[in-house]
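Protein chains in written order, with the working numbering: chain S, -16 to 58; chain W, 2 to 704.
Read the hints as simulated data drawn from the structure, not as lab findings.
Virtual Cβ for every residue (Gly too), placed ideally from N, Cα, C.
There could be a bad hint or two in this list.
What the hints assert, rightly or not - For the chain W half of the interface with chain S, some residues (derived, Cβ under 7 Å), not all of them:
#1 S66
#2 T70
#3 K103
#4 L107
#5 Q241
#6 T245
#7 T279
#8 K281
#9 F373
#10 F487
#11 V489
#12 I490
#13 E491
#14 M492
Unchecked claim - Chain S residues, not near chain W, derived (Cβ > 10 Å throughout):
#15 L(-9)
#16 E(-6)
#17 D1
Next come the chains, spelled out residue by residue.
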Amino acid sequence: MNTIATLLKGEVGYISEDSLDVIPLKLLEMGCLPGAEVALVQIAPLKDPLYICVNGSHLAIRKETAAQIKILKAN
Amino acid sequence: MSKNDIKVALVGNPNTGKTSLFNQLTGLNQKVGNYPGVTVDKKQGTSKLSATQNAVITDLPGTYSINPTSLDESIVLKTLLKKDIKETPDVILVVADVENLKRNLLLFSQIKDLEIPTVLAINMVDQMAKKGISIDVSLLKEELNTEVILISARKNDGILDVKEAIIRCHVAAKASPLCGIDSKIDPDYFSRLKEISANYSLYELWLMVTQGNYPATITEEEKNKLLAFKKDVTKLKKYQHKETIFRYQEINKILKKTYLVDKSKATDLRSKLDKIFTHKIFGYVIFFLILLVIFQSIFDWASMPMDFIDGSFAKLSDFARANLPKGVLADLIVEGIIPGIGGVLIFIPQIVILFLFIALLEETGYMSRVVFLMDKIMRRFGMNGKSVIPLISGTACAIPAIMATRTITNWKERLITILVVPFTTCSARLPVYAILIALIIPETKLFGFLNLQGLVLLSLYALGFLSAIIAAYMLQKTLKISTKSFFVIEMPNYKIPSFKNVFFDVLEKTKAFVIGAGKIILALSIVLWFLASNGPESYKNAEKHTIESNINNKLQANELEQKIAAAKLENSYIGIMGKSIEPAIKPLGYDWKIGIALITSFAAREVFVGTLATIYSVSADDEDTATIKERMRSEINPDTGKSMFTFPVGMSLLVFYAFAMQCMATLAIVKRETKSWKWPLIQLFGMGVLAYMSALITYQILS
Chain S
-16 MNTIATLLKG EVGYISEDSL DVIPLKLLEM GCLPGAEVAL VQIAPLKDPL
34 YICVNGSHLA IRKETAAQIK ILKAN
Chain W
2 MSKNDIKVAL VGNPNTGKTS LFNQLTGLNQ KVGNYPGVTV DKKQGTSKLS
52 ATQNAVITDL PGTYSINPTS LDESIVLKTL LKKDIKETPD VILVVADVEN
102 LKRNLLLFSQ IKDLEIPTVL AINMVDQMAK KGISIDVSLL KEELNTEVIL
152 ISARKNDGIL DVKEAIIRCH VAAKASPLCG IDSKIDPDYF SRLKEISANY
202 SLYELWLMVT QGNYPATITE EEKNKLLAFK KDVTKLKKYQ HKETIFRYQE
252 INKILKKTYL VDKSKATDLR SKLDKIFTHK IFGYVIFFLI LLVIFQSIFD
302 WASMPMDFID GSFAKLSDFA RANLPKGVLA DLIVEGIIPG IGGVLIFIPQ
352 IVILFLFIAL LEETGYMSRV VFLMDKIMRR FGMNGKSVIP LISGTACAIP
402 AIMATRTITN WKERLITILV VPFTTCSARL PVYAILIALI IPETKLFGFL
452 NLQGLVLLSL YALGFLSAII AAYMLQKTLK ISTKSFFVIE MPNYKIPSFK
502 NVFFDVLEKT KAFVIGAGKI ILALSIVLWF LASNGPESYK NAEKHTIESN
552 INNKLQANEL EQKIAAAKLE NSYIGIMGKS IEPAIKPLGY DWKIGIALIT
602 SFAAREVFVG TLATIYSVSA DDEDTATIKE RMRSEINPDT GKSMFTFPVG
652 MSLLVFYAFA MQCMATLAIV KRETKSWKWP LIQLFGMGVL AYMSALITYQ
702 ILS
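Please construct the entire structure, taking both the sequences and the accompanying hints into account.
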């Protein structure tokens, strides 16, 4: 299963529609919406947190949160 | 504030230049107060909108949404939902970042649905050409049904337009919802909600249900009906998610028509800088170097103004002594109040320098990268990447450091950070360390270049950080608090700092320190002065006895005076307290004189030095370190017949001061921030036991 946490650095994916219920409200409000393009910009030196760009927002989230958000990989 | 002033609430996402706009609108006419019942600072200022119209502008904390996740953010909801004639804003000014307009409009759409007149100021428009952004302002105005102003707050562009728009908006006083959440989610559900009361907009009722926050005007009956809606939590959560999706859909529709980005124009400065600042090696090296520069400057730059403040207050004391009529009042002023105020002000240089650096790092956007780098490490110790800032601030003073934990949304991580911050070596410990190190560590160079005394001081800093980290680890394992909040931080664009913002930020934090710590240190100084200058019968006879017993020694007048002062202190209430704790501190190597200094240190640690100066009757005018040092060196321990301040005693004291929670002001702040006496008491006793045991072990091993 692909999630934001399985993206490689520089890779892009689309947040899957069935992730809606697991995305915390705050992340939704910050632009992390189902269907949105999400890019993994950087991974912190200790592999966590992850630095993502979604809907124009540049955010750092922890791996545990990222691992819950399913995505479809863009090819 | 006059009745006709327009009340404006300033709202916006973090990093949108909201503070810049506030500073431009109000200039120096701003003040920081407190929201009733909560601890978050309330920044207000007045602004002259036109020749005849003024506004009172409240700068609300930055937030991404009206649904709060942190203490700061909850203020926005509380202020806007109040429905109190005095507090409810007449106009809400929403600040948005032109580059992130979509996300910024989410907050705007929520605000708009509260049905309060709203002005939208789109900031940083000077960046538009560079980023390839174009906006159809008149169409956007129409679509959003509101005043839209393009501004560039840092360059002072468009501020006048904002002022005019506020007046127009206030006069028109029209307000209509933007999104109409009801029909798209569950028409039946929301129409039932709307029926509860006609006094509130539908969105306000919905917020009362989802946030459990009710205005004072609500009736018991209405509240009960609202509570019924709260029962199905899963449904509420689902609808909140749906609401957010729906808002974004509406915003997308509007932006499609009005907002264009030519992506080929986007520059890549951010990713280049990110590559360096978050690099697995360089990232940490740069952070470490920055810390080094900060600490170096705190020591180098602060020493001159600190000496100046110290000297000025000594002179002021002398001046007051010479000019005030002799009596209790003069004693209170000269020995209690003036040194008390001086004891607070002396820390200002270090605090200003530290906060200057922190404000610069935050303004540039670098601090978020530090949080990103440090989060995983800090998490192992039960803290959060955001805990780094309080821990650095703690090296100046624990009070602003503890206030800086408010951005941590996870309560357990925030609490642990608050509890361990007082371990970091704050500036009040420095004078104590300085004199003790000078006494017991020889002034030699290790390997020819390493200053041994400096090395010991450095190890004490390391000890502070290390004990903070270890304590955090232990608290993480023992505190049984389950929290569900998660971690997210925005990585803002890199920016050149605005000096106006930095200036106001430093000013505000320094004020918070002076007021927060100042009143407690001052009050305690007066209490201690009273205890030291009053006593039972033996105190009143101390002067006579000293004169009588020295009648055959040919003493100089000032030598006799010093002896009298020392005898008085010994027989005062505080001297009696020192003597009564002597059995408890004897195993640590201390006598009752040090005991007195330990007690007085509860006002502020650095009082230790001044107290010893008095006890060892160093005359007031040469109260400099060298004299006190000489006097302490020649102090004889009556039990051993040798020097009192031996290496073991000095080390034991150093360890004691490194761990003990001797700061009433910090305890008071912890009480305020955690809303209970439980945590400050745990701090006081936990750190006290640790200090006692460590000092005991140190002394017993070394002696």
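Going down the list of hints, with the structure as the test:
{"no.": "1", "hint": "S66", "verdict": "holds, 4 Å"}
{"no.": "2", "hint": "T70", "verdict": "holds, 5 Å"}
{"no.": "3", "hint": "K103", "verdict": "holds, 6 Å"}
{"no.": "4", "hint": "L107", "verdict": "holds, 6 Å"}
{"no.": "5", "hint": "Q241", "verdict": "holds, 6 Å"}
{"no.": "6", "hint": "T245", "verdict": "holds, 5 Å"}
{"no.": "7", "hint": "T279", "verdict": "holds, 5 Å"}
{"no.": "8", "hint": "K281", "verdict": "holds, 4 Å"}
{"no.": "9", "hint": "F373", "verdict": "holds, 5 Å"}
{"no.": "10", "hint": "F487", "verdict": "holds, 5 Å"}
{"no.": "11", "hint": "V489", "verdict": "holds, 5 Å"}
{"no.": "12", "hint": "I490", "verdict": "holds, 5 Å"}
{"no.": "13", "hint": "E491", "verdict": "holds, 6 Å"}
{"no.": "14", "hint": "M492", "verdict": "holds, 4 Å"}
{"no.": "15", "hint": "L(-9)", "verdict": "holds, 16 Å"}
{"no.": "16", "hint": "E(-6)", "verdict": "holds, 15 Å"}
{"no.": "17", "hint": "D1", "verdict": "holds, 12 Å"}
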